[in-house]
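Asker: Please build the complex by placing chain C on the supplied structure of chain X, with the hints as guidance.
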Amino acid sequence: MKLQNPRALFIAALLMLTGCQHKPAAPTNLFVDSGAVPGWTRTPETRTFAPEQLSDYIDGDAGKYIKAGVKSTSTADYKYKDQIQVVVDVYTMTSAVAAKTILDSEPAMDAQTPTLGDAARLYSQSLTFRKGPYLVRMVAYQESPQLPSALLDLGHAVESKLSR
Amino acid sequence: MKEMPEKTRRNFLKDCAIGALAATAAPLAFAHDVNPGSANPPKSKVVVARDAALYGSGANPEAARVEKLLDRAMQTYSDSSDPVAPWKKLFKPNEVVGLKVNTIAGPGLSTHVALVDAICERLKAAGIKPGNIVVWDRTNGELERAGFTLSSDPNRVRIIGTDSKDVGYDETAFSYGVVKTRLSNLLTRTCDAMINVPILKNHSMAGVTLALKNMYGVNNNPDRLHPNNCCPGVADLNMLAPIRNKFRLVVADAMTGCFEGGPMFKPQYAWRYNGIIVATDPVAIDQTAWDIIEHKRAERGMKSLLQAGLAPKYISVAANPEHRLGTDDPKRIALQEV
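As you go down the protein sequences, you meet chains X and C in turn. Residues in the first sequence are numbered from 639 upward in steps of one, following this note's numbering. Residues in the second sequence are numbered from 370 upward in steps of one, following this note's numbering.
Chain X with its partners taken away, still in its complex shape:
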C-alpha cells in the first residue's frame, strides 16, 4: 500500500478506525460442530452480541456482565439426541477475573464441581464453567438421566476450542 497516496491513506485510516471498534470474536470458532460429540447436533445459526446489544438478548442480566467487563457474547442452539434443547452461551470477558466475578456472583446451591476449565458447576439441567476470560453457560430445557454427563462431554469439547 502506498501511504503517500492520500486516497490510500484515507482508506488505511478508515480500516484502522473500524478495527478499533468492538469486534466480537467469530462465533463459529467458539462452538463445536454437529457430530463432533456423540449425540449432539448444532443449529447452523449462531448469534453474537456486542456489550451495547446484550440487553436485547438477556434483558437486565446484561448489567452485571457489562459491569464485570464483557467484550462479546455468542450463543448457539444444540440438541441432544434430537430431543433435548440446549442453549450454549459463550461470554468473552475482558479478563479471567471478570469471568470469575460472574461465576462467583451466582449461588452454587447443590452444584457438582467437575474438573473442567478453571472452575465448573454442574446441575441436572445446566453446566457453567470458566476458562481464562471465557464464561460458558449451557442450559437445557428438558431433563434426562443422561443429560449431566452429556453436558459435561459437550463442555469438554467447547473448552478445547477456547484459547487463553
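Mixed in with the good hints, there may be bad ones.
Claimed, not checked - Dumping the calculated DSS-like pairs for lysine-lysine here, alpha-carbon to alpha-carbon at most 27 Å: (1) X:K705 x C:K549; (2) X:K702 x C:K665; (3) C:K682 x X:K702.
If you are wondering where the hints come from, they were derived from the structure by calculation, not from laboratory data.
Answerer: The following block gives chain C in isolation, referenced to the frame of chain X:
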C-alpha cells in the same frame, strides 16, 4: 402486517380516552381502588390458584389442567359460576384484545403456550373474533423460541412481535418522569384492550419481575430504564397513558418461577409453583409475587431480596401518591388462595 388496520393519531388519542372510560366503567368485581385518599377504599383482590398435579409426569403443564386452573382463578376473582362470564365483563366482542406475554427467557421460563391458548379460548367464547386476538412480545424470534407459532392470518389468533415488518414502534414519544420512550404499535394502534400475561421471576436488577416490569417489553429502549434497580423506571413507564388505559387484567403464569438468577432461565434456580395468579391491580399482584419469591428463597436458605440489596423498590414507588398505580399495602390486598 397488512391485515392490521393502521389507525390515525387522532383515532389513537380517541382510543386512549375510550380506554380510560372503559376502565372506569368496568364492573366492580374487576375494579381496584388506587386512591389512597378514599375514606374506605375497597381492597385489591389477588387470586392465587394452584394445582399440584399441573405437570403430571411431563415436562410441560397439561393443557386441560391449565384451562381448569385458569377458570378457577378467574371465576374466583369475579365471583362467577360461569367460566366465560368474567371475560364478557372485561371485553366487548368488537374489541381487539392483546395478550402481552413474556418470552425473553426461552422455553424454560416464558409464558406457557398452554396458558395463552386457554385465555384465547375463553376470549373467543366471550365473543371476541379470533383475528381480533393478538398475542405479542418484543420479537418474532423470542416468541418462536418460547414455542409460539407466528401467525398473521386475520381469521386466526395473530401471534406477532413488534419487530415484525409493518409493526414497529409508534413515532410518538411518550414521557413520564425518567421515561422518554416509544411504544409498540401493537399497543398504541392495533389493540383496544390488553391482558398482561407475565412470568413469576426474580430479576437481577429489579429484584422481582411480574406485571409492572413486563412493560419493559412494550417500549423501544428498556435498557435505559434499568439503573437504580429499575426504580423509578418501572413505575414511571407504567404511568404512560396507553399502558394505564389499555391493560385491564393480569393473568400471571406462575407455573414455573425462578427465585434467583432471573430474568433468564437458569434451571438450578427455577421451581414449579404450579400456579396462575389473577388481578387487575398490577401493584398488588407484584407485591404478592415478591412475597412468593421471598418465601421460596427462605425455604432454600438464601438471603432475602431485601438483605441482598435487591428489594423491588419500584413496587412502593408505583403505589405512592405520585403514581397511584395500585396498592402495595398487605392490609389492602385481599389475597385468595384456591
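Asker: Compare the structure with each hint and give your call.
Answerer: Going through the hints against the structure:
| no. | hint | in the structure |
| --- | --- | --- |
| 1 | X:K705 x C:K549 | holds (24 Å) |
| 2 | X:K702 x C:K665 | holds (23 Å) |
| 3 | C:K682 x X:K702 | holds (19 Å) |
This entry satisfies every hint, going by the numbered hints stated previously.
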